[in-house]
Amino acid sequence: MPRSWDVLVVDDDPVVREGIARVLSADGLRVATAPDGRSALLHPAAADCRLVLCDVMLPDLSGLEVLRELRARRPDLPVLLMTGYALSDLAGRAAAAGAADVLAKPFDAIELLTATRRALEASRPGEKERPR
Amino acid sequence: MVILAALAIAASSLFLWWLNRRLVLSPVAALALATRRVAEGDLTTTVPVRSGHELGDLAHAFNDMTRRIAETQRQLTQADKLASVGRLAAGVAHEINNPLTGVLTYASFLRGRTKDNPELAADLDVIVRETKRCREIVRGLLDFARQMPPNLQPADLNEVARRAVAIVMNQLALSRVSLDLRLAPDLPAVQADANQLQQVIVNLLVNAADALGEAGGSIRLETLRASLPPRSHAAIKSAACPKGCDLVDPSVRIGGLAAIHVTRTCRGRAAPLHLDPIYGRFQHKTPVACEEGTLAAFACPSCRVSLVDEARDCAACGAPVVVILAPGGEEILWCSRVGCHWSRWEAREAAGPRQVVEITVEDSGRGIPAGDLPKLFEPFFSTKGSRGTGLGLAVTWGIVERHGGSIDVASEAGKGSRFTVHLPLDAGEPQAAPRQESAHAAVVGRPGRG
Chain G
1 MPRSWDVLVV DDDPVVREGI ARVLSADGLR VATAPDGRSA LLHPAAADCR
51 LVLCDVMLPD LSGLEVLREL RARRPDLPVL LMTGYALSDL AGRAAAAGAA
101 DVLAKPFDAI ELLTATRRAL EASRPGEKER PR
Chain L
1 MVILAALAIA ASSLFLWWLN RRLVLSPVAA LALATRRVAE GDLTTTVPVR
51 SGHELGDLAH AFNDMTRRIA ETQRQLTQAD KLASVGRLAA GVAHEINNPL
101 TGVLTYASFL RGRTKDNPEL AADLDVIVRE TKRCREIVRG LLDFARQMPP
151 NLQPADLNEV ARRAVAIVMN QLALSRVSLD LRLAPDLPAV QADANQLQQV
201 IVNLLVNAAD ALGEAGGSIR LETLRASLPP RSHAAIKSAA CPKGCDLVDP
251 SVRIGGLAAI HVTRTCRGRA APLHLDPIYG RFQHKTPVAC EEGTLAAFAC
301 PSCRVSLVDE ARDCAACGAP VVVILAPGGE EILWCSRVGC HWSRWEAREA
351 AGPRQVVEIT VEDSGRGIPA GDLPKLFEPF FSTKGSRGTG LGLAVTWGIV
401 ERHGGSIDVA SEAGKGSRFT VHLPLDAGEP QAAPRQESAH AAVVGRPGRG
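From first to last, the protein sequence lines stand for chains G and L.
Every letter in the first sequence is one number past the one before it in my numbering, and letter 76, counting from 1, is 76.
Every letter in the second sequence is one number past the one before it in my numbering, and letter 25, counting from 1, is 25.
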């Protein structure tokens, strides 16, 4: 069965969410979005996508909780955490919880694409990228 | 006879009244006045110390008390400021970083799609660059709010310097700056936190570029291995009188470091003297000048015990020496003759020169006014007006300190500034392997348009 989504973006800030979706869509990825942790976990893309980008500070759950729940369901699913706080204290906990990487906000389109591609490639080294 | 006796009584009464007035009433009145001033909040008040007896002691104790209260108050204010900034930074960072993410993603996304329109692309570059500047300011606040202990690993400082240059390159190239990069090819690895030191070099380069301003100019970034003799480099970070009173006075700083406070009596006149905490440098501070050649008395400002050891002579001029104590029973000696620049820190001299890696950032910019130099590394002090947070050099200073290193600045108004960072190669333990090395590497790169 062909996948419906490549990436699920979880962020409560609509501008950030749509901005990321815009950049990734233009790169040929199919993007789903969710405004908080619970709706992300309920989203069909959570069961189907190849990568999740999730903010650490969400209105209902923390990004780490979303990460743990997703990894419990799909141990191979790479999750990229995003944070507006300093990285130093988060990076360790995020890595321990199985995050693919932590992306510091604010980032530009190139930094976003680089981190996304790296996470996708690292998770499925054999898989060829979908044709654009 | 009666008249004579009456006259004698009158004369001695007059004398006693005068004596009482001079020795008791006026010092007490001065103390009362000073007490009222201090109560009103003026902590700069001092009482003249006119005599060596009890009232003189009282005046001395009073001055010491106000000085300590002023220092405590300054420290509390500072701590309060820092705590507030920490809370503010952490709270604001998340709020600001989200809108910045929006601006940065859209602007850079658009920039990527305007490659065929150079004019539009250049304008978008400005938006991207300025947004990234906002990002650096927010990060600076966060870095300051949570100053982390360094994660020490063997680090190649040339590599760190190259990365720092790559980060500031855009800014340098745009503002007509030529960068002279001289990296020593045989630089040994240093135990350091590469990320933190990268921040140090970035901060110094950005400051240098700011100092050049619109007109542009040149910046030299150099790394080299050096061997520092104790004299003019070793910092006295703790000092005590023979009775154990702490002589370090953080309220007075010389070259960024807390000075050593003693009382110097010169031709009968006692005055505070702040000794340069850099061994052998002699940039002392005192409100009262003293004629060269005078033999002065030195005392602890707290307990007033004499610091002069009459039994020991200065090796240069034979005058008695002044002794202060460093930790571990080490003695630091000075000559008590004003103008004689003899001093001796035996333990430090015996340990020999210290092997360091030196990082220099020098610019040909506007320079720093002499009056600003002592405040340069203090938090919230900025020479950039509303453009600076006043945190860059404070963070820089903190990082270098936590690496066991030191940072010095030399500056001349209109000619430029030079910041020199020294990082120990021996992780704290002084080594006795003197090898002077000053050969510079060839110019590795010269970007910018000059």
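The hints are simulated quantities; they were obtained by calculation from the structure and are not laboratory data.
Some hints here could point you the wrong way.
To be verified - Taking beta-carbon pairs under 8 Å as the criterion, some of the chain L residues facing chain G (in silico):
no., residue
1, 93
2, 106
3, 108
4, 114
5, 118
6, 131
Predicted model, so just to flag it, every value in this text is computed and none were measured.
Even for Gly, the Cβ is constructed at its ideal location relative to N, Cα and C.
Status of each hint after checking the structure:
With 8 Å as the threshold, the beta carbon of residue 93 of chain L comes within range of chain G, its nearest partner Cβ sitting at about 6 Å, so the hint holds. Hint status for residue 106 of chain L: holds, given a least beta-carbon distance of 5 Å to chain G, under 8 Å. This hint holds: residue 108 of chain L has a C-beta 4 Å from the nearest C-beta of chain G, less than the 8 Å allowed. Of the supplied interface hints, the one on residue 114 of chain L is violated, with its beta-carbon coming no nearer than about 12 Å to a beta-carbon of chain G, more than 8 Å.
The closest approach between the C-beta of residue 118 of chain L and any C-beta of chain G is roughly 19 Å, which is over the 8 Å cut-off, so the hint fails. Proximity of residue 131 of chain L to chain G holds as hinted, the smallest CB-CB distance being about 7 Å (cut-off 8 Å).
In this structure, the earlier hints numbered 4 and 5 are contradicted, and the remaining ones agree with it.
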